[in-house]
Structure formats: C-alpha cells, structure tokens
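In this note's numbering, the protein residues as written are 1 to 196.
Keep in mind the hints are simulated off the structure, nothing from the lab.
Note that the Cβ used here is the ideal one computed from N, Cα and C, for glycine as well.
Any given hint could be a false lead.
Claimed, not checked - Computed cross-link-like contacts, EDC-like style, restricted to lysine to aspartate or glutamate with a CA-CA straight-line distance of at most 20 Å:
#1 Lys161 to Asp30
#2 Lys161 to Glu150
#3 Lys161 to Glu146
What the hints assert, rightly or not - Pair ranges (Cβ atoms, derived):
#4 Val114 to Val143: 35 to 45 Å
#5 Val114 to Arg149: 16 to 26 Å
#6 Gly169 to Arg147: 20 to 30 Å
#7 Thr192 to Arg105: 38 to 48 Å
#8 Ala187 to Arg105: 20 to 30 Å
#9 Pro108 to Arg34: 18 to 28 Å
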Amino acid sequence: MSGSGPLQSPENLPSAGRPASAARLTALADRIDRITAAVFRVAAWGALAVVLVQLAVVLGRYALGIGSLWLQETAVYAHAGLFLLASAWTLARGGHVRVDILYARATPRRRALVDALGTVLFLFPFAVVLLWLSLPYVTRSWVLLERSREASGLPLVFLLKSLIPAFAGLMLLQGVAQLLRAVQVLAGAEPTTARG
C-alpha cells in the first residue's frame with residue numbers, strides 16, 4: 001500500500017526534513033512575511049516622497065518665497081505612512097529595539113523563548129489595544145471624511161488616521177509569523193529567517 005492513503009498525500013509529506021505540520025507553519029509564516037514585504041515595498045516609496053516633497057517645500061519657501069501647507073502636510077503623511085507601514089517588515093528583520101548584548105549571546109532556543117514571550121506578552125496586547133482603541137477614532141474620521149483644520153491643507157485626514165489600525169493589524173500579523181517561528185525552534189527545529 002505504498003504511495004496511497006491520507007498519510008502519503010502531498011499535503012502530509014514532510015518538507016525539507018520537517019514534519020508536515022511544521023512545514024505548514026513555516027509556509028504560513030513565509031506567506032505572512034511576503035505580505036509584510038509587499039506592504040514595505042509600497043511604503044518604501046514614502047521615503048522618496050518625503051525627500052522630494054520636503055525639497056519642494058524648502059525650495060518654494062526660500063527660493064521662491066512661497067509656502068505650501070498642502071506640501072508640508074503631504075510630507076507628514078508620507079513620513080507617517082513610511083514608518084507605520086514599514087514597522088512589520090522591520091519586526092520580521094529583527095530591527096526593533098531589544099537588548100542585543102544579551103540576545104546576541106543567547107542560544108537559538110533562548111532567543112526563540114525571548115521572541116515568543118515578547119510577542120505574546122508585549123506585542124500582541126499592544127497591537128490589540130491599539131487596534132481596539134483606534135477603530136472608533138478612525139471610523140468617525142471616515143464618516144466625517146475628515147479634512148485638515150487648515151483651509152489650504154489636505155482633505156485626507158481620514159486616510160492618515162487609517163494608518164493606525166493598519167499598523168496594528170500588520171504588527172499582529174507579523175507577530176503571528178514571529179511566534180510560529182519561535183515555537184518551531186522551541187520544539188527542536190532549526191531557526192529560520194523571515195522571507196519576502
């Protein structure tokens with residue numbers, strides 16, 4: 001009966017020497033990494049936007065003697081988008097603050113334990129509370145199609161505020177990937193890195 005039955009179906013075969021369940025967890029973590037990487041690639045254009053818009057603000061003000069609140073707010077929006085939407089990608093790459101002196105000397109299992117505990121005790125509660133508290137705030141802004149308080153400002157404050165729950169959701173999602181990888185290492189698998 002070799003090659004038949006549910007144990008031999010492709011979705012149950014081990015991948016790269018890992019049990020099928022571990023391979024599925026790795027695949028899920030990799031999919032999450034690809035999502036946050038795609039969001040990052042879009043958000044990274046915000047860096048170029050910040051530089052170009054800020055250059056236009058400075059040239060307009062000092063070379064031409066004109067100011068533009070609209071341009072200044074565009075720089076703020078691009079800056080906010082860059083940082084809030086790139087945070088999950090930064091988390092996936094280990095770029096957020098941690099005590100590297102201790103972490104760098106730790107074994108892979110100990111690092112995985114620190115990552116798992118940090119994700120469950122700090123990241124998840126923070127992101128859930130931020131998401132929960134921001135939703136009414138953002139919803140109200142969308143209902144009103146909130147605009148800048150200044151007449152010459154951008155009419156898109158509701159979009160800017162939408163970055164808050166987007167940030168929280170992306171951090172939650174990337175936290176799931178981080179936790180999946182940490183749990184696998186704690187279960188004896190070799191450490192894997194974020195992809196995407």
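Here is how each hint holds up against the structure:
Note on Lys161 and Asp30: the hinted pairing is violated, with a Cα-Cα distance of about 29 Å set against a maximum of 20 Å. Annotation: proposed proximity of Lys161 to Glu150 holds, straight-line Cα distance about 17 Å (limit 20 Å). A distance of roughly 9 Å separates the Cα atoms of Lys161 and Glu146; the hinted pair therefore holds under the 20 Å criterion. Judged by the Cβ atoms, the range 35 to 45 Å given for Val114 and Val143 holds: they are separated by roughly 42 Å.
A hinted range of 16 to 26 Å is violated for the C-beta pair Val114 and Arg149, which are about 44 Å apart. Between Gly169 and Arg147 the C-beta distance comes to about 25 Å, which sits within the given range of 20 to 30 Å. Against the hinted window of 38 to 48 Å, the Cβ-Cβ separation of Thr192 and Arg105 comes to about 21 Å, which falls outside the hint. Between Ala187 and Arg105 the beta carbons are some 23 Å apart, a value that agrees with the proposed interval 20 to 30 Å.
Range check, Pro108 to Arg34: Cβ separation about 23 Å, and the 18 to 28 Å hint holds.
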